[in-house]
Amino acid sequence: MKKNLPYDKTDPKSIEKYAQRLIDHCLSEFLDEKKRRKLHYASNVRKKGGFGQLIEEEYFKIRPGTDKGPDFKEAGVELKTSPLKEMRDGWWSKERLVLGIINYDDIVDETWEKSSFKRKNDLLLLIFYLYREGILIIDLIIRHARLWRIPDDDIPIIKNDWETIQEKVKKGLAHEISEGDTLYLGACTKGVTKASVRSQPASKTKAKQRAFAFKQKYVNFILKSFLRDLGFIIKDSDRIVKDNKEYEDGKRLEQIVIDRFKPYLGRSIRDISKELQIKIDEKAKNYNDILTKMILGVINTRIEEFEKADIVVKSIVLEENGKLRESVSFPAFDYIELSKETDWDSSALKQLFEKKFFFVIYQKNGDDSKILKKVMFWNMPYADLNKEVKSVWKETIKRIKAGDCDNLPRISDNRVSHVRPHGRDKRDVCMAPNGKSYTKKCFWLNAKYVRDQIGITD
DNA sequence: GCATGATCATGC
DNA sequence: GCATGATCATGC
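Under this note's numbering, think of the first position of the first sequence as 36, with each following residue one higher.
Treat each hint with caution, since some may be false.
BS3-like mimics (lysine-lysine), calculated; alpha carbons at most 25 Å apart, straight line [to be verified]:
(1) K194 <-> K390
(2) K129 <-> K115
(3) K349 <-> K405
(4) K48 <-> K73
(5) K297 <-> K349
(6) K391 <-> K429
(7) K422 <-> K391
(8) K103 <-> K225
Label pairs and their calculated CB-CB ranges [what the hints assert, rightly or not]:
(9) D187 <-> K436: 48 to 54 Å
(10) D141 <-> D306: 50 to 56 Å
(11) K70 <-> F267: 47 to 53 Å
FYI, nobody ran anything at the bench for these hints, they're computed from the structure.
Where a beta carbon is used, it is the ideal one built from N, C-alpha and C, also for glycine.
Please build the complete structure, drawing on both the sequences and the hints.
Shown next, in the form of structure tokens:
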């Protein structure tokens, strides 16, 4: 360790101030010529994982130790770097923000308050950089550098997330952990190879190595708070839970949401909208959005908790006889992008179906009206995702590569998912790898499968 | 103008 | 009654 550091290593504010000199600059500007030339040829300047490491070593002049405590021990500050990608409306989170590896053997004996997670990640120094493909990491521009800790409003949910993950390990189900299990804090796979597995205390089955991570959508809210402080006007969202007292006794967001709906179940849309004094056109395709927001007390904006947790809201309409007619659609895929995928675990489809869903279930009522029947949170069972959907994904890619784009897996081919057109109309096409254009298509969840999953039996 | 969620239309 | 293809409607 160098003696004369250009910052006070015991003072978080001093570390932050020093970090902020990086803003609008890249790391190479702070290196001497010799070092720069040396690093230019080093292997770790090409891997994005090396970015955090280089910032620590070459800029802060610290050697990251073991993963027991935070990087700046004396100040209790943990350094995290994370990439932003350019979107239509600015630079936003490129990926989830990965925190420490989960030690399955230790977590079962911890409590949230005394967890190693909390000890290590209590105060973060977040450095966000602008990611550009093909650019050496020492030449990437830094956009934000700020101290950050979990806001009080988010703690109940993150604590519940941590406990959900802990619970799964306690039950010997570490190998079935999914990002859809939790809301803001996920457990993402992490390892040198995809095959990295480790033992778990309550089962003989080896589990993939995982790390805690703030979900990508959650990271965007961190960025929004930074931008607000910089004077940017950021569009508002509205919370379901306005007072954290609602989370007392360990009550979960899911339960709070379901409770909010209870007074309205079994009633017609017309009846509910009359009571809530809103106009809902039941023919409009967004009636479900409006009704859901009104019942949750979110007006004219987005549902903050759902956005942060990347929860997908879907309306499901049962026929009079209780059957579900329509399968559930998703955004259209790009034939070329899809055909390039080789790894299921990092595929767009797995990411999509791994999310948590909120189903708002209606039933048709004969006289052209609909009854709000049930609401539920859902995420896809592990095997359905990693066996059934995976096989549909594989087969789809195989046929696209073979140029067989109008003959993709049908509803009768798989219990869970199929492929079908999904565009504005049939002229809405998209190029395939063979150079021809085909109607846009997407993966669907089979109606029958969804019906089984929502557990309505009459 | 387009992406996306939702739903319709047709034919067997 | 279901499979499949096609299209509507809204919001950004």
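Here is how each hint holds up against the structure:
no.: 1; hint: K194 <-> K390; verdict: holds, 19 Å
no.: 2; hint: K129 <-> K115; verdict: holds, 14 Å
no.: 3; hint: K349 <-> K405; verdict: holds, 16 Å
no.: 4; hint: K48 <-> K73; verdict: violated, 32 Å
no.: 5; hint: K297 <-> K349; verdict: holds, 18 Å
no.: 6; hint: K391 <-> K429; verdict: holds, 23 Å
no.: 7; hint: K422 <-> K391; verdict: holds, 18 Å
no.: 8; hint: K103 <-> K225; verdict: holds, 18 Å
no.: 9; hint: D187 <-> K436: 48 to 54 Å; verdict: holds, 51 Å
no.: 10; hint: D141 <-> D306: 50 to 56 Å; verdict: holds, 52 Å
no.: 11; hint: K70 <-> F267: 47 to 53 Å; verdict: violated, 35 Å
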